[in-house]
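A.B. asks: Sequences listed follow chains H, Z and W, in order.
If you read the first sequence in my numbering, its first letter stands for residue 1, the second for the next number, and so on.
If you read the second sequence in my numbering, its first letter stands for residue 1, the second for the next number, and so on.
If you read the third sequence in my numbering, its first letter stands for residue 1, the second for the next number, and so on.
Simulated from the structure, these hints should not be mistaken for lab results.
In this text, all values refer to a predicted model and were calculated from it rather than measured experimentally.
Each residue gets a CB set at the ideal place from its N, CA and C atoms; glycine is no exception.
Treat the hints with caution; some may be incorrect.
[Stated by the list, open to error] Quick list of the computed label-pair ranges, beta carbon to beta carbon: (1) Z/Thr192 / H/Arg42: 33 to 39 Å; (2) Z/Ser138 / H/His140: 41 to 47 Å; (3) H/Gly83 / W/Lys220: 56 to 62 Å; (4) H/Gly93 / Z/Trp18: 42 to 48 Å.
[Claimed, not checked] Here are the simulated DSBU-like pairs of lysine-lysine, each with C-alpha atoms no more than 30 Å apart in a straight line: (5) Z/Lys316 / W/Lys220; (6) W/Lys34 / W/Lys118; (7) W/Lys34 / Z/Lys316; (8) Z/Lys351 / Z/Lys212; (9) W/Lys57 / Z/Lys316.
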Amino acid sequence: MYLKGDFQDRSSAIRALRELQADGFHAADIDVFSDEPLELPRGVLDRPSRMSFTVVTGAVTLCLLTIGFVYFTQYNYQLRTGGMPIFSFWATGVIFYELTMLGGILTTLACFLWESGLFRRKRRIPVPVVVPGIISIRIHCTENQLEEASRCLDRAGANQVGTIGEPR
Amino acid sequence: MAAAPEIVPYSQVRHDLWRPLAGVSRRYVAVVSLLLAITLWGLFCWGYQLREGIGVAGIRRPVFWGFYIVNFVFWIGISHAGTLISAILRLTEAQWRKPVTRAAEAITVFALMIGGMFPIIHLGRAWIFYWLIPYPNSRLLWPNFRSPLLWDLTAISTYLTGSTIYLFLPLIPDVAQLAQHATGWRRRLYRTLSLGWTGSDREWHALERAMKLMAAMILAVAVSVHTVVAWDFSMAIAPMWHSTIFGPYFVVGAIFSGIAALLIVMSIVRKAMHFEAYLTPHHFDNLAKLLLLMSLLWLYFSFAENLTVWYGNEPKEMNVFGVRTRGTFSIYFWTMVFCNFVVPFVLLGIKRLRSIRTATIASVAVLIGMWLERYIIVVPTLAVTRLSSVSGGYSPTWVEISITTATFAAMGLLYLLFSKLFPIVSVWEFEPHPAEED
Amino acid sequence: MAIDLDRCTGCQACVAACHAENNLPVSDPESAAKGRAFHWIRVDRYYEGEFPEIRVKYMPVLCQQCDEAPCEPVCPVYATYKNEEGLNVQVYNRCVGTRYCANNCPYSVRFFNWFDPKWPAPLDLQHNPDVSIRMTGVMEKCTFCIQRIQRVERSAKEEDRPVADGEIQPACVQSCPAEAMVFGDLNDRESKVSRLAESGRATRLLEDLGTRPKVFYLQKAE
Chain H
1 MYLKGDFQDR
11 SSAIRALREL
21 QADGFHAADI
31 DVFSDEPLEL
41 PRGVLDRPSR
51 MSFTVVTGAV
61 TLCLLTIGFV
71 YFTQYNYQLR
81 TGGMPIFSFW
91 ATGVIFYELT
101 MLGGILTTLA
111 CFLWESGLFR
121 RKRRIPVPVV
131 VPGIISIRIH
141 CTENQLEEAS
151 RCLDRAGANQ
161 VGTIGEPR
Chain Z
1 MAAAPEIVPY
11 SQVRHDLWRP
21 LAGVSRRYVA
31 VVSLLLAITL
41 WGLFCWGYQL
51 REGIGVAGIR
61 RPVFWGFYIV
71 NFVFWIGISH
81 AGTLISAILR
91 LTEAQWRKPV
101 TRAAEAITVF
111 ALMIGGMFPI
121 IHLGRAWIFY
131 WLIPYPNSRL
141 LWPNFRSPLL
151 WDLTAISTYL
161 TGSTIYLFLP
171 LIPDVAQLAQ
181 HATGWRRRLY
191 RTLSLGWTGS
201 DREWHALERA
211 MKLMAAMILA
221 VAVSVHTVVA
231 WDFSMAIAPM
241 WHSTIFGPYF
251 VVGAIFSGIA
261 ALLIVMSIVR
271 KAMHFEAYLT
281 PHHFDNLAKL
291 LLLMSLLWLY
301 FSFAENLTVW
311 YGNEPKEMNV
321 FGVRTRGTFS
331 IYFWTMVFCN
341 FVVPFVLLGI
351 KRLRSIRTAT
361 IASVAVLIGM
371 WLERYIIVVP
381 TLAVTRLSSV
391 SGGYSPTWVE
401 ISITTATFAA
411 MGLLYLLFSK
421 LFPIVSVWEF
431 EPHPAEED
Chain W
1 MAIDLDRCTG
11 CQACVAACHA
21 ENNLPVSDPE
31 SAAKGRAFHW
41 IRVDRYYEGE
51 FPEIRVKYMP
61 VLCQQCDEAP
71 CEPVCPVYAT
81 YKNEEGLNVQ
91 VYNRCVGTRY
101 CANNCPYSVR
111 FFNWFDPKWP
121 APLDLQHNPD
131 VSIRMTGVME
141 KCTFCIQRIQ
151 RVERSAKEED
161 RPVADGEIQP
171 ACVQSCPAEA
181 MVFGDLNDRE
191 SKVSRLAESG
201 RATRLLEDLG
211 TRPKVFYLQK
221 AE
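Next up, chain H with everything else stripped away, as it sits in the complex:
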């Protein structure tokens, strides 16, 4: 079951988020919808992210794969050019650098798709329609929690609270 509350301004939305979490609602069950990025103070609905770490890992991985690939190809068919050794690290360093960056870029895209939830979206979950200037809070809760949650939203100053069930 999903409950939705609409807020006119940022401060009341933050108040609602604080109250909800104080009442034991888990951050994973709460979503905030807005038509422009909403800056929330630290401690309110933190979304821990491993993006930087994953991106570095992805970059290093592709770099190592590239070094291995270039090493393999150059020994696979050994041709000498210009007095250089078969595997010339310095003369191929640019390629390693670029592929490192490509690894980072592609991992960033993948991380974005994953962390934003765009990639693993479940069709059944209802999404409130985003009205410009309105901040909507959606809570995933059981029927027993429903009343408590809507009280939280009301107290914080939501001008419209209700369950949503129909997918958009």
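Given chain H's structure and the hints, the job is docking chains Z and W onto it.
C.D. replies: Structure of chains Z and W alone, referenced to chain H:
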């Protein structure tokens, strides 16, 4: 700084920025058809060149590289408009960047597409360009990763991938909003592109994080791309190519011409789409100052490059230096100095003269100057070889000139189509809070 | 290879022989003026002194077959590389035509096929069957007449004997009326070309670039 703009309601912002997307005016159709015709003519010329042989171009022994390589370097330089500028401004959190970034990033992607075509157009056997790509093949042979051209290939494909993603990510919230309001095929297009964006805080968080990382990486890639383009030349042992300064020199030149291209595009967009309220004199003033700074940096690099050659007085280098500054190519050289330094310095350095109009004029001059700079770098070195018995001039044929012209038309065409499909100023990033204007 | 500049008369017989041997396209005056002529070997002229006290020095220049050839590493598709015998070979079928190698050649001895080659009749009837004809868009250069090298090596192998010194003669060497050019194995210290290379009269062209060319120019030490 310019007067703080008054607060415009968000709905008004969206209405204004979406307005150019709707409807097609007669003038738009006329311009698009004209540009399309020029582009098609360029494609026809390329077909002719493929059929007859690369000899229909004016290149010859010993000037084996000509207009195509000049254009390649030029367009890759233009591509630094977007990514570098928007990434630098994003990382330094300069708030005035917001209406500028999308326009700049689009330049990057299109200029890269065009620039990336030129090495292929330039090939003697363009139909087998894919032999540079490492894939298991019947020749049982891999490409030579030691070649600067392979560096180029990886650098440019990385940059194109990166800058396309970099353009696309901040576009998602905008197309998601557009999808709610559009109808017909546009709705389907926007909905597909929006990837099902709902505007949840997870999505915003992920987007912001991804954009920070992308900005950092794209900056590193952009610097390396033009360095690698420069290394195409400086890895060769030809006089006045074999120079350690070329990497940074080219990067500076690229940012220089990139800002100039951005200024031109912005002033056209401002006029044609009536974005006077969004692209304010404040933005132009800031970019004009950046352009002036890059002009001075360019002068510094050029001076350092030429002074060391002249003072070193090495005969082979002096031969090239001679034809550049005093001989056949001197007219181009001094025009370049005039366009790249004198014009921007006078028009933008004197505060009273600095305006949107003069910034645009200076930008056009800079683009001409930077094109000539690449010409000055590519051709004279080849025309004057190490052995005095071999030398030769270079003059382009109609094929090269047509293809060059067509790329400018193609740039305009791509840009016009893009601006008809997507808001050229990022809507969601445009928060009209005057307090944030620096 | 060793070329005795004191013997060279600048007669251009080597140039003509090279054309015939290696199926070089024949250029008309217009395309030659456009810089599209092919001469795998050319005779450079250097003038000394003031008119009328003028002396001309001739210098046949062909691919120097550098040990550390600048043209090789820049090729993205290995169309030019060093073979086991130390020759700098050009593989026409592999070339995509970036022309980077020609830009990086300090001796300007690389030639590009701007169009498909054409020969005025009856020259189209005298092609050398041992040498392939190059299509449009590929680079070419002197091969040290690799077809002749291979022919001699093959017959020596069949007869089970080593290749004799002086047995291999590229077309330019064979045709030189002044016998200014000598071809042989530089690895064999007893060969004539090795002895000439160490004779003290030998210099190499643009040696200071570190390309280690394999063509030695012999001239009187000044």
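A.B. asks: Determine for every hint whether it applies to the structure shown.
C.D. replies: Status of each hint after checking the structure:
no.: 1; hint: Z/Thr192 / H/Arg42: 33 to 39 Å; verdict: 36 Å, holds
no.: 2; hint: Z/Ser138 / H/His140: 41 to 47 Å; verdict: 57 Å, violated
no.: 3; hint: H/Gly83 / W/Lys220: 56 to 62 Å; verdict: 31 Å, violated
no.: 4; hint: H/Gly93 / Z/Trp18: 42 to 48 Å; verdict: 47 Å, holds
no.: 5; hint: Z/Lys316 / W/Lys220; verdict: 25 Å, holds
no.: 6; hint: W/Lys34 / W/Lys118; verdict: 16 Å, holds
no.: 7; hint: W/Lys34 / Z/Lys316; verdict: 24 Å, holds
no.: 8; hint: Z/Lys351 / Z/Lys212; verdict: 34 Å, violated
no.: 9; hint: W/Lys57 / Z/Lys316; verdict: 21 Å, holds
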